[in-house]
Amino acid sequence: MTLDSGKPELVYQGRKAQRADSRQRRKAILEATLRLIVKEGIRGIRHRAVAKEAAVPLAATTYYFKDLDDLISDAFTYFVELNIDQTRSLQEESFAAARQLSPDQLASVNGRRQLVQQLTRFVLSHIRAQAANRDHRIIELAFKNEALRNDELIRAVRMAYQATEGMIVEFFELLQLADPVAAAQIVHGTILNLEFQVLSGAISIESPLLERAIVMMIRGLIPIGEEASVPIRLESKTA
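So the sequence shown is residues 1085 to 1323, counted in the working numbering.
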């Protein structure tokens, strides 16, 4: 997996499948691996258990994945591939919200307030959608924890995080914030924390606290009125 302007190129570690039926069988193995992670966690991943869950011969799992590290790493890569469109959708909505405002509008209190409101709505919807998909969040957290024990997986997890943060950095670069990289860390960290709080039941998915926390975060990065010490200016679209 490599990084290119915040967009990951997905690279699998296991044996490649050439024929259509082989690709389908390999996909079935990866999907079975993800289902087992939801039910039993990473420690439940064994070649025999995956083969049974995927309804394929045991020899098929060992053919495509010589060891469990490759299987786990490729299952994570497949998982990222399934979910990356959601992150890009949030990025596109955020960029559209910023670009519809002129530089003069963004310099005004009303323009900033409008941008904050729109971004709050986008981020809030994203967090609720993510938290509502409990199985995917369980898988995500399981991979993140396992990455601390698996060098190959931690590289893949790091690249996936960098890809997401790269998209956020691009947005703050569009607004010409002084430190878009630090801003991306704040946004990404806050989103991950709120997703976990909702998933664990500490905060209700409909709690007003979610919106208050997001508004405070965004207003800290994009201050309104007298709080705005540094103007926000859109980059030239012809640059």
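Misleading hints may appear alongside valid ones.
Unchecked claim - Computed list of lysine-lysine pairs in BS3-like fashion (alpha-carbon distance at most 27 Å, straight line):
hint, residue 1, residue 2
1, K1123, K1136
2, K1100, K1111
3, K1150, K1100
Hint data in this document are derived by calculation from the structure and do not stem from the laboratory.
As the structure is a computational prediction, the values presented were derived from the model and not from experiment.
Now the hints, each set against the structure:
1. At most 27 Å may separate the alpha-carbon atoms for a hinted pair to count; K1123 and K1136 meet this at roughly 14 Å.
2. Between the alpha carbons of K1100 and K1111 the distance comes to roughly 11 Å, so the proposed pair stays at or under 27 Å and holds.
3. The suggested pairing of K1150 with K1100 holds, with an alpha-carbon distance near 12 Å, which does not exceed 27 Å.
In summary, the structure agrees with every hint in the numbered list given earlier.
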